[in-house]
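Chemist: Each chain, written out:
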Amino acid sequence: MTNSEKNRLKDKAFQVFGVFCTFIGLVVLAIFLIDIVIEGVARIDWDFLTSLPSRRAARAGILTAWAGTLWILVLSAIIAFPLGIAAGIYLEEYAKKTKLSNFLEINIANLAGVPSIIYGLLGLELFVRIMNLGGILLAGALTLSLLILPIVIVTTREAIKAVPRTIRDGSFALGASKWQTVWHQVLPASFGGILTGVILALSRAVGEAAPLIVIGALAYVPFVPRSPMDEFTVLPIQIFNWTSRPQAAFLTNAAAAIIILLLITFLLNGIAVYLRHRQQKKIKW
Amino acid sequence: MLKSRLSYFRLSAVIMLGASLAMTSCGGERQEGGSDMSGSIQIDGSSTVYPITEAVAEEYRAEAPDVKVTVGVSGTGGGMKKFTRGEIDIVNASRSMNAEEEKTATENGLSFLQLSVAYDGLTVVVHPENDWVQDITVAELKKIWEPEAQGTIKRWNQIRPEWPDQEIHLYGAGVESGTYDYFTEAIVGKSHSSRGDYTASEDDNVLVQGVSTDPLALGFFGYAYYEENKSKLKAIPVNDEDDSNGAGAILPSLETVKDGSYAPLSRPLFLYISSKAVAKPEVVDFVNFYLDNAPELSEEVGYIRMPDNIYNEQRQKFEQFAKGAATATNQQ
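Residue numbers (this note's numbering), protein chains in the order written: chain S, 1 to 285; chain R, 1 to 332.
In case anyone wonders, no lab produced these hints; they're calculated from the structure.
Since this is a predicted model, take the numbers as computed values, not measurements.
Accuracy of the hints is not assured; some may be wrong.
Simulated coverage check for chain S against chain R, where a stretch passes if three residues somewhere in it have a Cβ under 8 angstroms from a Cβ of chain R [unchecked claim]:
no.	stretch
1	51 to 63
2	142 to 155
3	238 to 244
Straight-line Cα separation of at most 25 angstroms, SDA-like style, residue types lysine to any residue; simulated pairs [claimed, not checked]:
no.	chain 1	residue 1	chain 2	residue 2
4	R	K68	S	F48
5	R	K82	S	A210
6	R	K68	S	L75
7	R	K81	S	P115
8	R	K276	S	L124
9	R	K234	R	N157
10	R	K68	S	R56
11	R	K276	S	I79
12	R	K232	S	L124
13	R	K234	S	A249
14	R	K82	S	L122
15	R	K258	S	E125
16	R	K82	S	E125
17	R	K234	S	L251
18	R	K258	R	D308
19	R	K68	S	T50
20	R	K230	S	L75
21	R	K232	S	T243
22	R	K103	S	E125
23	R	K82	S	L124
24	R	K103	S	D35
Cβ coordinates follow ideal geometry from the N, Cα and C atoms, glycine included.
Could you build the full structure based on these sequences and the hints that come with them?
Modeler: Laid out in structure tokens, this is it:
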């Protein structure tokens, strides 16, 4: 066997290995999805979406859970969006390359990897105890905002970085101030990317149960929250609760609730893909 | 270009506003009920007791639709922390309050009452193909689970010589659960002390899964989980070597747990109510409703009812406590 034949063989081997690795993830996901859909899809009907939790699996619904999840989603977005974008703009456009900004950057990157339960403990101490909010929607949303903030900041920076230097130079050349450049050129050009990042971060937040349980989110809430000051539960907590029950019928409920949660996540991801697509089509430099 | 970008901002603002309005507007329906009681009751604590409290809260809604009862599942320990700080009215507990928690409650000026609401029978199980274990004594269980067993008791024949010379695989409650505290107290003799080299899970369904697929397994969990998975498991009669409460080895069942002959693994499940909470009439009403309905509802969700006279005792205890708390407040 010549050397080049050997190399070609190695090349082929790696290709096969790569395909195998790619499929492992997909196949596992597919098996999970098929299993969940088979188990749960028949359970989803209008009553399931509009009923309160119940001890009888067949009568139990997820109204308060999905309403709580939507609330959390919207509130976290409102909180994390301006904070994350402002921080991203500052770090990318204003901050000088000093030791301090370097330190900040490293920390933000590290924060993105902190386990969510730690944010739960932080939220419990800071929002629930010190600010004395109690286990309400606002406290939950603030906690999850902290959780997704690093992701929002990082994606904002990436999106801003993608705006070519020449656009900024052109703006400055016309006499625009830094703020004018950011507001009229950089932000509009990068907004699709930023929004994509925020939405992907939010779709991580909707799946969290642990930090919310820590701050005192409940399992049985017989009313739909009407303001950010109300107590709440969310879909992942309801799912977690149902999967730990002895009766098999609750597992079916859990599967049905998982389908709903997945739909919410897919919907969010779909919006993100759409926005990115639109962005790419519109911008021509 | 600017305009189209800004419309993103506006669009998302409109969506958020719309969503929050939609959420505020739904859920306004009200039911007609038999009581004009109103207010709110906060309950938190053990996930083991949760199904009973959920069932009672669900039924109570028909009784008093204006009382907002909420139930959390932050565990007995987590619930106790909130309870002793006076943050919640009632705590679901799968073990008794410990000395430290009692101290915190007293420091915060709270007195409290423990009520038993149902029994659970911790069931010792093996794989259905296990044909050698017909019964087990408490002493043998202790030998298996005590801290000294770690790394030394690894084979079935070390426990009883006639059992096979094969590995034993252990499955049990996670150390954070009240189930673990109760089991170690009853078997090892000291709460929160056992060997650590076993498969532990807070989720009993995981333990069911483990034991039902492992022919060399031995595990324990709540009775309801055995009852629901009977075909995949084999329960082992437990002999406490004390014939005064039923002779020989006894299998857990509705009867043996209820009459106390399934000892020492029958455990009571508790509610704790604080003196601060009984000042609220809706809490008194709710607890009375709870005790009236606990026998039936606890059975419905998979636990075991206590004898009627014990429920009566609980009712009397609670009545006195509520009265005492009321006079204490009047004197202040």
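Chemist: Determine for every hint whether it applies to the structure shown.
Modeler: Hints and how they fare:
no. : hint              : result
1   : 51 to 63          : holds (count 5)
2   : 142 to 155        : violated (count 0)
3   : 238 to 244        : holds (count 3)
4   : K68(R) x F48(S)   : holds, 21 angstroms
5   : K82(R) x A210(S)  : holds, 17 angstroms
6   : K68(R) x L75(S)   : holds, 23 angstroms
7   : K81(R) x P115(S)  : holds, 23 angstroms
8   : K276(R) x L124(S) : holds, 23 angstroms
9   : K234(R) x N157(R) : holds, 19 angstroms
10  : K68(R) x R56(S)   : holds, 20 angstroms
11  : K276(R) x I79(S)  : violated, 36 angstroms
12  : K232(R) x L124(S) : violated, 41 angstroms
13  : K234(R) x A249(S) : holds, 22 angstroms
14  : K82(R) x L122(S)  : holds, 16 angstroms
15  : K258(R) x E125(S) : violated, 42 angstroms
16  : K82(R) x E125(S)  : holds, 13 angstroms
17  : K234(R) x L251(S) : holds, 22 angstroms
18  : K258(R) x D308(R) : holds, 10 angstroms
19  : K68(R) x T50(S)   : holds, 18 angstroms
20  : K230(R) x L75(S)  : violated, 46 angstroms
21  : K232(R) x T243(S) : holds, 18 angstroms
22  : K103(R) x E125(S) : holds, 22 angstroms
23  : K82(R) x L124(S)  : holds, 12 angstroms
24  : K103(R) x D35(S)  : violated, 49 angstroms
In this structure, the hints that do not hold are numbers 2, 11, 12, 15, 20 and 24, in rising order.
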